[in-house]
Amino acid sequence: MTKKNNELGRVMFLKHSLIDRVIHWLFAICTFVLIITSFFPILGFNFSWLFIHWFSGLVLVFLVIFHSLRVIFFQQLQSMFISKSELINFVKSLLLFFKSFKSFRYRSGKYSLSSKLVHHIFTLFILITIATGLLMMIKIDSPFWDGNLYFFSEGLWGLIYTFHDIGALFLLTIVIIHVYFGIVRIRLLKSMVTGWISKDEYEKYHDENLWKPDD
Amino acid sequence: MFEKNKILEKNRSSRRAFIKGVIASGTAVSSSGYIFGSLAGCSPDQSVLGSVERLVSLNVNGQTRRVDVLPNETLAMTLRYKLGLTGTKLGCDRGECGACTLLVDGVPNYSCSTLTHSVRDKQVTSIEGLQGPNGELHPVQQAMIDELGPQCGFCTPGQIMSAVALLESNPNPSRDEARQAMSGNLCRCGAYDHYLNSVMKAAERS
Amino acid sequence: MAYELIGKDFIPPDIHGKVTGKAKFAEDFRLEGMVFCRLLTSSVPHAKISNIDYSEALAMEGVLGVLTADEVPEQSNVVEPILTNEPLYVGDPILAVAATSEAIAQNAIDSIQINYDILPFTVDPLESLYPGGPDARSDGNTMSFSRPRSIISHKWTARDFISVDENTLPMGEATETWSFGDIQSSFDSSDLILDETFVTAGNSHLCMEPRTTMANWENNKCFIYGSTQSQSAVMPGLASFLGIDIENLVYIGEFCGGGFGSKSNPYSTMAIPAFMSKKIQRPVMMRISRAEEFYIGRARPGFQGRVKLGFRSDGRMVAADLFVVQENGPYRGFDDFDAAASAISLLYQPEALRMQAVPVETNTPPRAAMRGPGENQIAAAVEPLIDKAAKQLNIDRVEIRRINAADNDAKYYSDQGPVTSAYQAECLDKGLSMWNEIKLRSGQKNGSKVRGVGVGQGFHPAGRNGYDGLIRITPDGKLHIHSGVGNLGTYSHTSTSRVAAEVLKYNWDNCVVVRGDSRKHLAWSPTQSGSNTSFTTTRQSYVAAVDALEKIKEIATLDMGGSIEDYDISGEEVFLISDPTKRIKFSTIAQRAIEIGGKYSGYDMPDDLHPITKSSVSGLAGTGLIGVSKDNLYRNGLVAGIAVGFIEIELDTETGKFEILDYLGVSDCGTVLHPKGLSTQISGGAVQGFGLAAFEKHIFDPQNGLPGNLGFLDHKPPTYLDVPSVMNTAAAEVEDPQNPVGAKGMGEPVQGCAAAALVCAISDALGGHYFNRVPITPDMIVNAVSGREQSHGPLDVNTA
Amino acid sequence: MSKDMMQSFELFQPDNLDDAINLLDRFRGDSWVLAGGHDTFSWFKDRAKYAPNVIDLNNIDELKGITETNRGLEIGALTSLTEIVSNPIIKSNFSLLSDAAGKVASPQIRNTGTIGGNLNQDARCWYYRYGVDCYRAGGNSCYADTPQGQNREHCLWGADRCVAVSPSDTASAMVALDALMVIRGPDGEKEVPAEDFFIGPDIDIERMTIIQSGEILARVILPTDWSGATFYFEKVSDRNTWDFSLVNVAAAMIIENNVIKDIRIVAGAVQCTPRRLSVVEQVVKGSPKNDDTASLAGQAAIRGATPLNYNHFKIPLLENLVKRAIRDA
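Residue numbers (the working numbering), protein chains in the order written: chain A, 1 to 215; chain B, 1 to 206; chain C, 1 to 800; chain D, 1 to 329.
Each hint should be verified, as a subset may be incorrect.
Claimed, not checked - Not the full set, but computed from the structure, chain C residues with beta-carbon under 7 Å of chain D:
id: 1; residue: GLU102
id: 2; residue: ALA103
id: 3; residue: LEU440
id: 4; residue: THR655
id: 5; residue: GLN703
id: 6; residue: ASP722
id: 7; residue: VAL726
id: 8; residue: ALA730
id: 9; residue: VAL782
id: 10; residue: ASN783
id: 11; residue: SER786
id: 12; residue: SER791
As the list claims (entries may be wrong) - Mimicking DSBU-like on lysine-lysine, the simulated pairs with C-alpha atoms at most 35 Å apart in a straight line are:
id: 13; chain 1: D; residue 1: LYS261; chain 2: C; residue 2: LYS449
id: 14; chain 1: C; residue 1: LYS221; chain 2: C; residue 2: LYS24
id: 15; chain 1: D; residue 1: LYS64; chain 2: C; residue 2: LYS279
id: 16; chain 1: C; residue 1: LYS24; chain 2: D; residue 2: LYS49
id: 17; chain 1: C; residue 1: LYS8; chain 2: C; residue 2: LYS505
id: 18; chain 1: C; residue 1: LYS445; chain 2: C; residue 2: LYS221
id: 19; chain 1: C; residue 1: LYS24; chain 2: B; residue 2: LYS122
id: 20; chain 1: C; residue 1: LYS449; chain 2: D; residue 2: LYS289
id: 21; chain 1: C; residue 1: LYS48; chain 2: D; residue 2: LYS64
id: 22; chain 1: D; residue 1: LYS64; chain 2: B; residue 2: LYS122
id: 23; chain 1: C; residue 1: LYS449; chain 2: C; residue 2: LYS308
id: 24; chain 1: C; residue 1: LYS614; chain 2: C; residue 2: LYS24
id: 25; chain 1: C; residue 1: LYS445; chain 2: D; residue 2: LYS190
id: 26; chain 1: B; residue 1: LYS201; chain 2: C; residue 2: LYS22
id: 27; chain 1: B; residue 1: LYS82; chain 2: C; residue 2: LYS520
id: 28; chain 1: C; residue 1: LYS411; chain 2: B; residue 2: LYS201
id: 29; chain 1: D; residue 1: LYS49; chain 2: A; residue 2: LYS139
id: 30; chain 1: D; residue 1: LYS91; chain 2: C; residue 2: LYS445
id: 31; chain 1: A; residue 1: LYS139; chain 2: C; residue 2: LYS48
id: 32; chain 1: C; residue 1: LYS24; chain 2: B; residue 2: LYS82
id: 33; chain 1: C; residue 1: LYS24; chain 2: C; residue 2: LYS308
id: 34; chain 1: D; residue 1: LYS190; chain 2: B; residue 2: LYS122
id: 35; chain 1: C; residue 1: LYS279; chain 2: B; residue 2: LYS82
id: 36; chain 1: C; residue 1: LYS478; chain 2: C; residue 2: LYS676
id: 37; chain 1: B; residue 1: LYS201; chain 2: C; residue 2: LYS24
id: 38; chain 1: C; residue 1: LYS308; chain 2: B; residue 2: LYS82
Calculated from the structure, these hints are not laboratory results. Every residue gets a Cβ at the ideal spot worked out from N, C-alpha and C, and that includes glycine.
Hey, can you work out the whole structure from these sequences and the hints?
What follows is the structure in structure tokens.
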């Protein structure tokens, strides 16, 4: 059911299904918890962060796997691809903007170019952080293994930590940007909460031959 | 494997500092009010306490000695390197051996773990302060000679200072009381029972 | 034989300085313009230094210079280097920084950048012996003690390791071995065979005085203020470290805050302040901190061993087969394994004995002989097995020791050579009355506490010979004994010098012991180690006095005719036997000797003297009557130093703690030279023995090579409250025929016997539970009593 | 570590508590409180920790002295351990504390070491003291809790990144006596029961007590309800001088005709904070003081212990000490 009328009788289209939204918000919670349990101790707020951190890290890993499988088998992978034409449009809009300071709106597919970019950057740095994070799990005791600080040489641990922290910093930056745009363009937030967008919003921002809500 | 490869160790700690810097700069603006607030709180009229004066007079072995003492200088270092009293020995400089024992107002202290500035108005007695005006030995010193207390002699000054303090407060201690009082003085040569013989002999005599 | 001076207590000349604080140890000397230097020590167990950047340090105000390994002479690869660019253990000195104050020097060191290229390391010999295991050094993993000493690579096969279970020492190919007798047939004829794996932990010497050294150059002469056990014996080695002739070296070592074997010879770090002082042209004091003393202050090597003992039913030990993997530290170390086997050969007189050993290098502080090197660890490991055999053969524990005891016909070492004297049985007898009383209380319970009793035996060779004696009678009549003996705290410099006064019938108040400074023209003497001084240096004093006596009589014949047989001495005068009223004072004789010159006042001298003695004699020439001679007295065979300890303890099975209720130490040291000196050595050695048996051990984290017990607090030498406040001592007091006054050395066996006695007593209190490990710490006892496994593996050395 | 020679610092010797608090407030993180100095100097001399401004409290008389008030016995934080050992009131009414203080380190350290310093001392894990960058030192790993870590003296409970134990003997006694810790900060005093005063790594891994920078432990109040009770203190350590406890037990009991009416029993050096053995208290309360109760108490004490590589001996040792506390008190 991808189309309905809301109580005011206006036509609404389904943008984000329930599962997508749940996954999105779980991602959000995990990332938020991970950020709190990593940056706050460094800032000096001391508390028992290790267990929460690696536990939510594992939850994040599970979410990534679940989301990837879902996207590969149940959704259109292409909606996330950035096409050449979009890039050209984007460059054109930039030149125009610098020439006449007019913002140029173009209609995109399901996801605008900026959302796609945000998604890809998220993907990159989440994967880096997860990869290094899992390696760091070797160091802590868990029901299945005893932490072994000497598994890697000092140098290698240093590198793993460095990439983990760089990834985390970029994640923090992207989260800040993502939250900012999520609030500034309240329609995006609304659609991620309710899942529906109004018909005129659809027509205003989306090109129907790139994305039809009902397919 | 920590403080070893200075290059690597440098980037790990610098990496942590880097992260702190990024976050801190993020929060710096918002917290500036807090910082300025606290400075304002330091009211001008409260006497701004300064660090200790460098030039002090110490009372060592009954003499007043004027000496320039750093704030972080321990009493053992002052005696050994500024007052020429090398009888107080440094065995470990961590309060774990007792070779640096001397008396502050008659109480045995590890002088390696006592700041000189904390004994400014106190009576310091070191091993060199036990002899009489023209060299007569303290009863404990004489007993140590007669009973062959020391072996190598490095911990002897500390042992004697503890013994002197003990006899001051308890003129005829039992052997076990002496053993408890002297227990803060390590002797690697193992001359413990000879030291105790000396203490008991000194107690007998005085 | 009754003596005037020997066997009587005296006031040693150096004790006044010790009790008044006036005694100057190395760190107490101050010179005009003296500056300080501190060491930068390695923070990794094994690495090659690829780059050192001390530009920032040199720029610091107050920093005077940096001395690196390239600026000091390189030593042979087995000797500890002065400074190194390939550190082999955490704490290996890499460079030194000199500054006007120590704080500035430390600040400078903190600013120095060092690039370590990490290399494989190991703190467990068995790990290094395993095929493909890490080697402590890049040039090999085992120390070969056959001359010339060298580093070799030696691995065992996987089969060696697998052919025994995990709790037994694998016995691969040994690199050091000797034996005597037919080992197999002796085991075949044994009624009882014990085959035990054991571990004795290494522990640091922990001298109270860290090895601070101060050095200064004046007119091309190097003055070293150091802390060593020996005095003259130090000169050649120290001069070679500095690369100068002995004539240009002045060594001042009047006092030494304990050495216990780690300072018997000169050590390479003494050269650091000397080279720094030469470089910056100022006196340099290198103060060593307690942590640095742990690093460079040497230690006893650990043993991972296995011993097989064969007994006949009557208790006689017929065969002994010892295999030792010695945890040898990164450099030469000492052949403790060899000495351990020699101790078994003497104390139990087995008919056949085989010694096999592999000294494996490890990345831990360097090793050197520590009080009874090998002998004292093996005593703590083997003596409890003697108890085990006694129990199984139902023989009294003193009796079984008497059956195997060494007497004057005893045989020793691989060549089964003779002994000068051995009175082991007499020592056992001295403690018999105490033993018969305390053994009744063995196992007696009192709540959770239980009594344990033990007897332990220790051995160490106790004498050398062939050194020089040098004495001088000055025109004021005083007798000067120029003793080359160091001052390590045994007062042996004076007790041995009194022999000269005894021969010349001097009143001790008119005698002066000259020692502690190479400018005082001292005789060539042995190192004050190996419990030898009492035997060796009494001979030196004796032969010098005999030479002086002869010269005194010869001068008397010049003035009063006749021959030397017609004369005798008394009251510091020489007189005609036929007419005692004709007397000449020694002071006059001395004046005559100066006038006559020649051999009498040191212008001529025997040519078999050591160069150091020769230069001392020529330094004293013309100042009085010189008595000088090499010790050529008869000596054949081992001078056997033996000691026996008897102990009673009360062990609390609930806390693993014990209290030593009673201890008696008996020493076979021949004639007692200095009664109080003997008693303080026996009880002092016992305290160190209790440390070896129940308190001290090396702990290294095998994953990063870090030492777990740097200071006194964590290394745990015994304190007043851990040892009995009254220690009983005794001596066998039977003269050794090959010493002029019958004296033997005794410093080391008195530690071994106490360690052995305590280990036996703990096992006795626990009803014959044998740990096969020293030290036995409270956690081990609590685990044993509660039936739990020990937390360390049976073969782990360097473990918590 | 092998460093030596303290870095230079400024030394302030205020003679009243307000000045001291203002100084701490003024220098914030760059200040260090100095009492006896034994813990301080081992950090400073190894250059493993440092602060450019040291505030010496020894001239502040408000922090000294032992006085009886209606609330109980108030002990100034600057009171030396020797004074506590020899104080007649403590010896008669709170002998648990004088026993514990008497077992600390050595006579010389007890002469200058203060009760405040003993309670606030830092962990004694030898890796941490060596200067490695472990969690407690602000780093990101623990070197003691590794496959071959030499952790003979480490914890049986409460491991959370850091496995160090509470080194203080007087801390166990304070918790057993239900003492109140009076902390003085910029905004006045606050009182904290001893049990909450000591914190583990779960709360803040870089501190052993709740004292923040800028605060000072002013005094300790021993409430009267345990005054004159039956006490038992035992410390097992390798050596009988200097050494820290392998395990120690402090117990306060109110016994009426051989029945244990009320009890507080605490074990030290088995956990990052003094471990209140509340299970043992439940088991023992109301039962007769005899061997059965004692052995039951011992077994209850060791439930849930999770040893590391080298410290499982602490389990039977703790069991025995608790048994002895009940049996021999």
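Which numbered hints are broken by the structure, listed smallest first? The structure breaks hints 3, 7, 8, 15, 18, 21, 25, 28, 33, 38; every other hint is satisfied.
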